[in-house]
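Using the sequences plus the hints, can you model the full thing?
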Amino acid sequence: MAEEKAGRFPDPHEFQVPPELEGWEEMYPSHYLFSKERGEWESNQFWYQDKIHAPEPMPPLDLIFQEAWQISLSQYTTRVFCIPPAQGIAQRMVGPYMYICAIAPPPDEVIGEKAQLFEKRVFYVFEHYNELWDKWLTKFKALGEEMAAIEIPKELPKFVPEDQVLPAPKGYYVSYDILEAFNKLVDQMFKGWQYHFEMLNLTYLAYLMFGDVTRKLFPGISESSIGKMVAGAYVSMFRPEEELCRLSRLASSLPGIGDIIKSDASAEQKIEELKKTTEGMKWIEELDKAKDPWFYVSCGSGWFNYEGSWINKLDIPFSYIKSYIERLEKGETIERSLDEVDKERDKTVAKYRELIKTHDDRKAFNDAYNTVRTIYRYAEDHLFWVEHWFHTIWFDKIRGLGRLLVDNRMLNEVDDIFMFNRYEIPELLTELSTSWALGVDIPVRGDYYKAKVDKRKKILKAASEWNPIPALGVPPEEVAEPFTIMLWGVTTDKVKEWLKGMGEVSAEDISEIKGFASSAGVVEGAARVLKLLKEIVDLKEGEIMVCPTTNPSWAPVFTKIKAAVTDIGGLTSHAGIVCMEYGVPSVTGTGIATSVIKTGDTVKVDGETGVVTIVKRAG
Amino acid sequence: MDYILNFERLDKSSLPSVGGKNASLGEMIKAGIRVPPGFAVTTDSYLSFIEETGIKDKIFDILSNMPPDDVESLNRASAEIQELINKAPLSDEIKTAIEEGYSRLCEKCSVEILPVAVRSSATAEDLPTASFAGQQDTYLWVEGEEKIINNVHKCWASLFTPRAIDYRNKNNFPHEKVLISVGVQKMVNSRTAGVMFTINPTNGDPSKVVIEGSWGLGETVVSGSVNPDKFVVDKVVMETSEKTISAKHIKCVYDPEKGGVKDIDVEEDVQSICCLGDQEVKELVKIAKDIEKHYGRAMDIEWAIDKDFSFPESVFIVQARPETVWSQRRKGSVIGKKTGYQLLMEQAMKRIKIPG
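Chains Z and S supply the protein sequences, listed in that same order. Sequential numbering from 1 applies to the first sequence in this note's numbering. Sequential numbering from 1001 applies to the second sequence in this note's numbering.
I should point out that these hints are in silico values taken from the structure, not numbers from a laboratory. You may find that some hints are simply not true.
Claimed, not checked - Subject to a maximum C-alpha distance of 25 Å in a straight line, what follows is the list of computed BS3-like cross-link-like pairs (lysine-lysine):
(1) S/Lys1154 <-> S/Lys1289
(2) S/Lys1338 <-> Z/Lys216
(3) S/Lys1338 <-> Z/Lys351
(4) Z/Lys363 <-> S/Lys1338
(5) Z/Lys289 <-> Z/Lys275
(6) S/Lys1177 <-> Z/Lys351
(7) S/Lys1243 <-> Z/Lys616
(8) Z/Lys357 <-> S/Lys1289
(9) Z/Lys351 <-> S/Lys1293
(10) S/Lys1230 <-> Z/Lys514
(11) Z/Lys291 <-> Z/Lys262
(12) Z/Lys141 <-> Z/Lys291
(13) Z/Lys216 <-> S/Lys1243
(14) Z/Lys184 <-> Z/Lys154
(15) Z/Lys357 <-> Z/Lys216
(16) S/Lys1337 <-> Z/Lys216
(17) S/Lys1293 <-> Z/Lys343
(18) S/Lys1147 <-> Z/Lys351
(19) S/Lys1289 <-> Z/Lys216
(20) S/Lys1258 <-> S/Lys1186
(21) Z/Lys357 <-> S/Lys1338
(22) Z/Lys531 <-> Z/Lys514
(23) Z/Lys216 <-> Z/Lys262
(24) S/Lys1293 <-> Z/Lys357
(25) S/Lys1262 <-> Z/Lys363
(26) Z/Lys343 <-> S/Lys1286
(27) S/Lys1337 <-> Z/Lys357
(28) Z/Lys616 <-> Z/Lys604
(29) Z/Lys616 <-> Z/Lys562
(30) Z/Lys330 <-> Z/Lys616
(31) S/Lys1337 <-> S/Lys1186
(32) Z/Lys322 <-> Z/Lys562
(33) S/Lys1262 <-> S/Lys1147
(34) Z/Lys313 <-> Z/Lys282
(35) Z/Lys604 <-> S/Lys1154
(36) Z/Lys313 <-> Z/Lys262
(37) Z/Lys604 <-> S/Lys1243
(38) Z/Lys139 <-> Z/Lys120
(39) S/Lys1282 <-> Z/Lys347
All values reported here derive from a predicted model rather than from experimental measurement.
Have a look at this one:
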């Protein structure tokens, strides 16, 4: 590595971001910046842009999820379950993009100590997975409900209401409630993320183990085949869509309801209309039952405030229901048979097993398979509860505080609150509390905060037009950290590809991009680049969808498209699993598809080799 | 005693009387695999030929008196034996049997003079433990009973080429134990042909079928005189993980003037066209899996797509023999006796090298 000078990326301390991003540092906590004091250590690590969790410029408050996972993911590897040679993943900001680094293994004696703890702790988890999952879900739901129960003051009253003073003073009032609410939200978010990784590291480790065993037995087996054997059908992430199917069936069985839902009115108008009839009320009742928790599904990954969720963008689930009703009318089946998916998977496993020649190998394969299947549900189930349900509650509560700040002339728009990081928001809230406490006609520094918001929005916009460098620092000799391999797919080839991309190649000159062959099939067609789910209205039947990432809240889209190409998605990325489930050819984790491909380009997607070819440029 | 036997009447127990290749064709027909029709000239024909003409003892005398490891005497012995065989006439009974077999075959295919392939099929050839492939002769596009009889005669002689004798000596196969039968099989009017393996020969992956094919007859692929198109397909999920289209500059075709086959140039714009359709690849994979299942082991298969038939009737299997390389190498366990937890612990201790 050392002898090949070309094989390194710029030193993170010397790297300069474009001048348009000037002032970006103040958006993020200072420990997220490359610093002199840690300079030597930082320069010798390998930092690559985290396109899974932070593909877009980072709004300051949304960094809280990253902050939380840096601690939680790392501690489970290093201090809790003790994966012997692995250490944590460190994060830094370079401009508004996040870079991460899998830290080199600890000294040998530490590896030895960890191995002992690993054996004792990890095997216990595998043996008791089912009961541990039940416990996990119980405590996680309780935490989410606790967060949902936090009351965000709707206004700052002129005088504290009588019942808070008499017969006995409550003792603390709205000025404290505001501060407490935010502090609690932060605490609970961190706690939720501590839970998030409880069994995830082990899940990924088990997956990697099974992948390795199968690759030894079948040297040429594809990632998608391994995924197919492991993926489950009855997982929480698919429930939102199942609920839509159920509601669609109900709607088409009730007289007149389908027509209301199919109309061009907004979701709110449709609900008003439905409330007028008994049948309509019956449907609304079912809708309300489905909403909590299943409409608390993000329209994106759950990582960014601007993605929104079904629950606060009802037009999206309604448009899905509309297309389902139309398909039902044509006599089509809308539900995927989950039993079928399950059976299909078992058949696949059995067929591979049949190809194994010796008894010992068959037994090892079975054992490896059972081990990964014991725990794999976790990878699929935790996702809905944390990134979707829990985050949706959080965004909702934060917006409550945003509204309060807007009402008190400290911000222009509710969502501007996301332009401040979690350390800054207490300052805004404290200033608001203070001015209320001080009495009437006390000025606040609204212009000061509004100017900051404007400046930051400009920086984020400039950042979105900048193509960040893929990596900084020195590529490592080895990686032992399971997430790094599994999620980001950091391998020899990936690093080489990045180094290749260091030259000045413009997007127009690229005619072939590579990713994971995550769902089989080869098709050619017109590309539709969707940066956000709301752009989905532009998507036409038979187009090839090119997007940053997908998740099951996009599910109904998959019946419309010919193929999917994503920027982000490692070995068992959500996009990969979903595409496979829907039988749509896909290439995931290309890194650059949305910046290289333009809407209208003719592209060929080869879900068998993971190659996307731009056959013809539009216009 | 049967001088000839139709392929339909053969199975693996017929090996002593029809040799490995022919028995295997009969076995495939039994398994429902589409094989070009034909018949075997039995080892009994051969035996009665060397006995009745009185050359049997002479042949084995020459062989037993031959000094080992001497190229010159090996060549001399071979020449002497081949001359003995070539000069000895076939009995009328054998000739009649072959003539009748051929005319029934012509009738079956509704062709007056059916082109056939004449292939030797030795009893020690293609055994799982020893690859005798290519040790004996093959004659393609043979038309008319006279030529067929001639070539059967030549096949018998080919049992004693210097290479075949030497091979048996080196592998301690007694010469008198190895008998020869000859297959007479309808010639596939081949648009595309090639070979396939039910295991990936490059890495021993048993979950793959690897197909290599080129234009015309399969001889260019078998001999390596052309870079074939290559397909690697997963047996379980049926995904194609590799598809390489090569410039196939020549093809082997029948030459009516020569009365045999020859290599000709392929037009430039056709060279790089994929020689198999997706459906054909799928069908071949399906057949490969059936054959492997039937034999219960990895197989090496020759196939051809006949331009006179429409898909799927156009897909024929010409040959199937056990794969020997990986079947030997991968006999033992790959993973070993390990529990899921042991495997997990191993994984946890692993570091993945990333060379800079």
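Here is what the structure says about each hint:
1. S/Lys1154 <-> S/Lys1289: Since the Cα atoms of S/Lys1154 and S/Lys1289 sit roughly 35 Å apart, the hinted pair is violated (cutoff 25 Å).
2. S/Lys1338 <-> Z/Lys216: 14 Å, holds
3. S/Lys1338 <-> Z/Lys351: Given that 25 Å is the threshold and the Cα spacing comes to 21 Å, the pair holds.
4. Z/Lys363 <-> S/Lys1338: The given pair, whose Cα atoms are some 8 Å apart, holds under the 25 Å limit.
5. Z/Lys289 <-> Z/Lys275: 15 Å, holds
6. S/Lys1177 <-> Z/Lys351: 41 Å, violated
7. S/Lys1243 <-> Z/Lys616: Given pair S/Lys1243, Z/Lys616 holds - Cα atoms ~22 Å apart, limit 25 Å.
8. Z/Lys357 <-> S/Lys1289: 15 Å, holds
9. Z/Lys351 <-> S/Lys1293: 12 Å, holds
10. S/Lys1230 <-> Z/Lys514: 21 Å, holds
11. Z/Lys291 <-> Z/Lys262: With a Cα-Cα distance of about 20 Å, the restraint between Z/Lys291 and Z/Lys262 holds, given a limit of 25 Å.
12. Z/Lys141 <-> Z/Lys291: Satisfied, since the Cα-Cα distance of roughly 15 Å is no more than 25 Å.
13. Z/Lys216 <-> S/Lys1243: Roughly 22 Å separates the two Cα atoms, so the pair holds.
14. Z/Lys184 <-> Z/Lys154: Answer holds: Z/Lys184 to Z/Lys154 is near 17 Å, not above 25 Å.
15. Z/Lys357 <-> Z/Lys216: Roughly 13 Å separates the two Cα atoms, so the pair holds.
16. S/Lys1337 <-> Z/Lys216: Holds: S/Lys1337 and Z/Lys216 sit about 14 Å apart, inside 25 Å.
17. S/Lys1293 <-> Z/Lys343: 22 Å, holds
18. S/Lys1147 <-> Z/Lys351: 48 Å, violated
19. S/Lys1289 <-> Z/Lys216: 21 Å, holds
20. S/Lys1258 <-> S/Lys1186: 19 Å, holds
21. Z/Lys357 <-> S/Lys1338: 16 Å, holds
22. Z/Lys531 <-> Z/Lys514: Between Z/Lys531 and Z/Lys514 the Cα gap is close to 19 Å, so the pair holds against 25 Å.
23. Z/Lys216 <-> Z/Lys262: 53 Å, violated
24. S/Lys1293 <-> Z/Lys357: 13 Å, holds
25. S/Lys1262 <-> Z/Lys363: 52 Å, violated
26. Z/Lys343 <-> S/Lys1286: 21 Å, holds
27. S/Lys1337 <-> Z/Lys357: 14 Å, holds
28. Z/Lys616 <-> Z/Lys604: This hinted pair holds, its Cα atoms lying about 10 Å apart.
29. Z/Lys616 <-> Z/Lys562: Holds: Z/Lys616 and Z/Lys562 sit about 17 Å apart, inside 25 Å.
30. Z/Lys330 <-> Z/Lys616: Status violated; Cα separation ~35 Å.
31. S/Lys1337 <-> S/Lys1186: 50 Å, violated
32. Z/Lys322 <-> Z/Lys562: Measuring from Cα to Cα gives roughly 21 Å; hence the hint holds.
33. S/Lys1262 <-> S/Lys1147: Given pair S/Lys1262, S/Lys1147 holds - Cα atoms ~18 Å apart, limit 25 Å.
34. Z/Lys313 <-> Z/Lys282: Measuring from Cα to Cα gives roughly 22 Å; hence the hint holds.
35. Z/Lys604 <-> S/Lys1154: 54 Å, violated
36. Z/Lys313 <-> Z/Lys262: 17 Å, holds
37. Z/Lys604 <-> S/Lys1243: OK: Z/Lys604 and S/Lys1243 at ~15 Å, within 25 Å.
38. Z/Lys139 <-> Z/Lys120: Cα-Cα ~24 Å, so holds.
39. S/Lys1282 <-> Z/Lys347: 19 Å, holds
Hint compliance for this structure: hints 1, 6, 18, 23, 25, 30, 31, 35 are broken, all remaining hints hold.
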